[in-house]
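Residues per chain are reported as follows:
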Amino acid sequence: MYSYSEFDTAFLAERNRQFRAQVERRIAGALTEDEFKPLRLMNGLYLQLHAYMLRVAIPYGTLDSAKMRKLAEIAERWDKGYGHFTTRQNIQYNWPELKDVPDMLDALAEVGMHAIQTSGNTIRNVTADHFAGAAADEIADPRPVAELMRQWSTDHPEFQFMPRKFKIAITGSPNDRAVTKAHDIGIRMVTRDGQRGYEIIVGGGLGRTPMIGKVITDFLPEADLLPYLEAVVSVWNQIGRRDNKYKARIKITVHEHGIDEIRRLVEERFVETRKTFSGVDVQMLREIEEHFAAPAFKTASEAPFKDAYHNDPVFRSWADTNLTAHKAPGYKIVSISLKKHGATPGDASADQMRLMADLAQDYGHDELRISHEQNVILPHVHVSDLPALHARLKDADLATANIGLISDIIACPGMDYCALATARSIPIAQEIATAFDDLKREHEIGALKIKISGCINACGHHHVGHIGILGLDRAGVENYQITLGGDHTETAAVGDRVGPGFSADEIVPAVERIVDTYLDLRSDADETFLDTYRRTGLAPFKSALYPETKVAAE
Amino acid sequence: MPKAFTPKVVTANHLLAGDVIYQTATGWTRRLDEAEVLTDEADADLRLIEASQQVDVVVGAYLADVAVTDGVPAPTHFRETFRATGPSNYAHGKQVELQ
Numbered sequence: 001m002y003s004y005s006e007f008d009t010a011f012l013a014e015r016n017r018q019f020r021a022q023v024e025r026r027i028a029g030a031l032t033e034d035e036f037k038p039l040r041l042m043n044g045l046y047l048q049l050h051a052y053m054l055r056v057a058i059p060y061g062t063l064d065s066a067k068m069r070k071l072a073e074i075a076e077r078w079d080k081g082y083g084h085f086t087t088r089q090n091i092q093y094n095w096p097e098l099k100d101v102p103d104m105l106d107a108l109a110e111v112g113m114h115a116i117q118t119s120g121n122t123i124r125n126v127t128a129d130h131f132a133g134a135a136a137d138e139i140a141d142p143r144p145v146a147e148l149m150r151q152w153s154t155d156h157p158e159f160q161f162m163p164r165k166f167k168i169a170i171t172g173s174p175n176d177r178a179v180t181k182a183h184d185i186g187i188r189m190v191t192r193d194g195q196r197g198y199e200i201i202v203g204g205g206l207g208r209t210p211m212i213g214k215v216i217t218d219f220l221p222e223a224d225l226l227p228y229l230e231a232v233v234s235v236w237n238q239i240g241r242r243d244n245k246y247k248a249r250i251k252i253t254v255h256e257h258g259i260d261e262i263r264r265l266v267e268e269r270f271v272e273t274r275k276t277f278s279g280v281d282v283q284m285l286r287e288i289e290e291h292f293a294a295p296a297f298k299t300a301s302e303a304p305f306k307d308a309y310h311n312d313p314v315f316r317s318w319a320d321t322n323l324t325a326h327k328a329p330g331y332k333i334v335s336i337s338l339k340k341h342g343a344t345p346g347d348a349s350a351d352q353m354r355l356m357a358d359l360a361q362d363y364g365h366d367e368l369r370i371s372h373e374q375n376v377i378l379p380h381v382h383v384s385d386l387p388a389l390h391a392r393l394k395d396a397d398l399a400t401a402n403i404g405l406i407s408d409i410i411a412c413p414g415m416d417y418c419a420l421a422t423a424r425s426i427p428i429a430q431e432i433a434t435a436f437d438d439l440k441r442e443h444e445i446g447a448l449k450i451k452i453s454g455c456i457n458a459c460g461h462h463h464v465g466h467i468g469i470l471g472l473d474r475a476g477v478e479n480y481q482i483t484l485g486g487d488h489t490e491t492a493a494v495g496d497r498v499g500p501g502f503s504a505d506e507i508v509p510a511v512e513r514i515v516d517t518y519l520d521l522r523s524d525a526d527e528t529f530l531d532t533y534r535r536t537g538l539a540p541f542k543s544a545l546y547p548e549t550k551v552a553a554e
Numbered sequence: 001m002p003k004a005f006t007p008k009v010v011t012a013n014h015l016l017a018g019d020v021i022y023q024t025a026t027g028w029t030r031r032l033d034e035a036e037v038l039t040d041e042a043d044a045d046l047r048l049i050e051a052s053q054q055v056d057v058v059v060g061a062y063l064a065d066v067a068v069t070d071g072v073p074a075p076t077h078f079r080e081t082f083r084a085t086g087p088s089n090y091a092h093g094k095q096v097e098l099q
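Those protein sequences? They're chains B and D, same order as listed.
Sequence positions in the first sequence follow this note's numbering and run 1 to 554.
Sequence positions in the second sequence follow this note's numbering and run 1 to 99.
FYI, nobody ran anything at the bench for these hints, they're computed from the structure.
C-beta atoms are modelled at their ideal positions from N, C-alpha and C, and glycine is treated no differently.
One or more of the hints may lead you astray.
[Stated by the list, open to error] Okay, the calculated bits of chain B under chain D, using three or more residues with CB under 8 Å as the criterion:
no.	segment
1	20-30
2	232-238
3	271-282
4	302-308
5	466-478
[Claimed, not checked] Covered stretches of chain D (chain B as the covering partner; in silico rule of three or more C-beta atoms under 8 Å from a C-beta of chain B):
no.	segment
6	5-17
7	29-39
[Said to hold, decoys possible] Computed Cβ-Cβ distance ranges for the label pairs, DEER-style:
no.	chain 1	residue 1	chain 2	residue 2	range
8	D	Gln54	B	Ala294	51 to 59 Å
9	B	Ala447	D	Glu34	45 to 53 Å
10	B	Glu548	D	Gly71	42 to 50 Å
11	D	Gly60	B	Glu256	31 to 39 Å
12	D	Tyr90	B	Glu527	30 to 38 Å
13	B	Asp505	D	Val72	26 to 34 Å
14	D	Gln54	B	Thr536	56 to 64 Å
15	B	Glu548	D	Tyr90	34 to 42 Å
16	D	Glu50	B	Asn175	42 to 50 Å
17	D	Gln54	B	Met284	47 to 55 Å
18	D	Glu34	B	Gly81	46 to 54 Å
Okay, chain D solo, but in the shape it has when bound:
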């Protein structure tokens, strides 16, 4: 039996800045908590294709698993946590810029 589809977001790196971005219903955001949560597999595949076609905006789009609490997505794997928050060695990069 196929595994049940779990919630996802479309994420990529921004072509110019190289930083981590997430797809929203209308564009892209640098904040995971603003990302569009995809709960339907066919919809997620379609949104990924749409994202991947934006070759002059994004690089390496893929679907990342998220856990959703009150409609807000959060990472389920530590790699995605670091992508969402930036380096953990000291405060610089995304965790500073998003404050």
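One chain only, chain B, in its complex shape:
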């Protein structure tokens, strides 16, 4: 894990000192809200529906036990004893008081964390595959490159007042778990002729105009990454629209100009930016890579795992669902579900955070990750430790065996917290998860991703959910639109809207009808929901959702 240099520490201390003084001037009335708002947003502080909200960056979702314990301490000391992990691998505190925020930022700085550029029209927290550095299918660990981009983009003087926010995601695996095709820039680490490089995807995004990103270059040599990214962002910074915030993101720029013209402009600009990078960036990457060396993997008997697997059905169910193949022999990646049936997706109490920190220290080489699917990952656990780990997770209510299943739902905060929301999303997730848990059907249903957003901005990634749900305000009543067939992976697709929306009371039965239709249609238990949908298309699901339409058509 990257450790802050003296420069990083001094920079953060100065930023925090500045913000403390700004908060004091606001409280004293020397700054108006109009003057203060851009200053607080630069430091990740929003004013939401019920309270301030502090969004803390977890760079590329990577943290250690010390950082996790600090997040727990902050939740307990200055919030209501919990935090909310987000689809951008960040954590949000929903209840801070204004006067406490400078102290919270100082506490974060003690462990090398901050809230800078978690808001505003800047380059936001760089996100990455949550299995980075551990996955069996990985070509290379994307975290050093993500850290290089974090350093490049933090406080970048040219990119502080852009047309709109800008999000970058990177994966080092051909199996895309980082949603790279729905980011302003998506980066896929690739190799060609033995050389490491990058496929660069631009112009993806969700929101009110969902777009799948387009490949601007299929192989960028490693040494050209930062100058090329600088060229892309600077071209957009100049020609991106500032007249209409809904048309400001780079996806619209790419759409309006065409990918070929954007590529031409970027390559023209790249000639200039290339000269300004002397190679120090590559040297820095080499130094950063040393911070991300793989841990000293151990060897141990797998007997305890095999015993528990054969004798304990609860452990077996959890192991079948929540473990992923690791690159090291005898190791597994553990996904800790923050989706207990009926609970708020992504929430963790301070006690749970501390427990996860303890587990990382005791069994996981002191590493944790936050996934964009709002779960916590222990990337390196030897199978011999899994039975003990599982027992401790059970005691903390963290052993739900549902990763990748229908109750492992992404849900944005929605109108329960967010000032932008047009409807609630969390209670819909709670009801769906509870309904399918009551029926004990989710393991039979298999892989199925439901993603829920409480407004058109799509923080809940509904467009790329196998079943996407979008909450809207229709004449003063919550209304939920359904999309089907979305996909966030390397075969990314925006879901198809099925038809008129459903009321809050009707949405869970509607999801049940979709699932029933899938179970009727699938060729066998191995055909996933998405595969079935791609084979059959929308029609049978539409008929199930709107039987009256089918009757009329017949």
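Using the hints provided, position chain D relative to the given structure of chain B.
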């Protein structure tokens, strides 16, 4: 013909706590049922201006529609319901604190 003025309350977020507050005849309350109901448009506009000038107390003051029963205001839109009662996902925040 202009639409008839409907009853309103002045609401905002508290500068320090960030939580939802409502204007009363003499100050601010965290309970919607204690808010001052404004039935005259000119009076409502004036009260909103007065509220907005309290820059060291409130943030983002605006007029919210209410339905009035026996003199007690209640929200007319679900967003204002959640602002008045707090998150609905589980009991915490305002619905607990106001009990």
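Hints, one by one, checked against the model:
1. 20-30: Since 4 is at least three, the answer is holds.
2. 232-238: violated (count 0)
3. 271-282: violated (count 0)
4. 302-308: violated (count 0)
5. 466-478: The restraint on the segment 466-478 of chain B holds, since 4 of its residues have a Cβ under 8 Å from chain D and three suffice.
6. 5-17: With 4 residues close enough to chain B, the hint holds.
7. 29-39: Not satisfied, violated; 0 residues make the cut.
8. D:Gln54 / B:Ala294: 51 to 59 Å: Once the Cβ atoms are compared, 57 Å apart, the range 51 to 59 Å for B:Ala294 and D:Gln54 holds.
9. B:Ala447 / D:Glu34: 45 to 53 Å: Holds, at about 51 Å.
10. B:Glu548 / D:Gly71: 42 to 50 Å: About 45 Å separates the Cβ atoms of B:Glu548 and D:Gly71, which means 42 to 50 Å holds.
11. D:Gly60 / B:Glu256: 31 to 39 Å: Between D:Gly60 and B:Glu256, where Cβ atoms are some 34 Å apart, the hint holds.
12. D:Tyr90 / B:Glu527: 30 to 38 Å: holds (37 Å)
13. B:Asp505 / D:Val72: 26 to 34 Å: Since the Cβ atoms of B:Asp505 and D:Val72 sit about 27 Å apart, the hinted range of 26 to 34 Å holds.
14. D:Gln54 / B:Thr536: 56 to 64 Å: holds (60 Å)
15. B:Glu548 / D:Tyr90: 34 to 42 Å: holds (36 Å)
16. D:Glu50 / B:Asn175: 42 to 50 Å: Cβ of D:Glu50 to Cβ of B:Asn175: about 59 Å, so the range 42 to 50 Å is violated.
17. D:Gln54 / B:Met284: 47 to 55 Å: holds (50 Å)
18. D:Glu34 / B:Gly81: 46 to 54 Å: Taking Cβ atoms as reference, D:Glu34 and B:Gly81 lie about 28 Å apart, which means the hint is violated.
Consistency note: the structure conflicts with the earlier hints numbered 2, 3, 4, 7, 16, 18.
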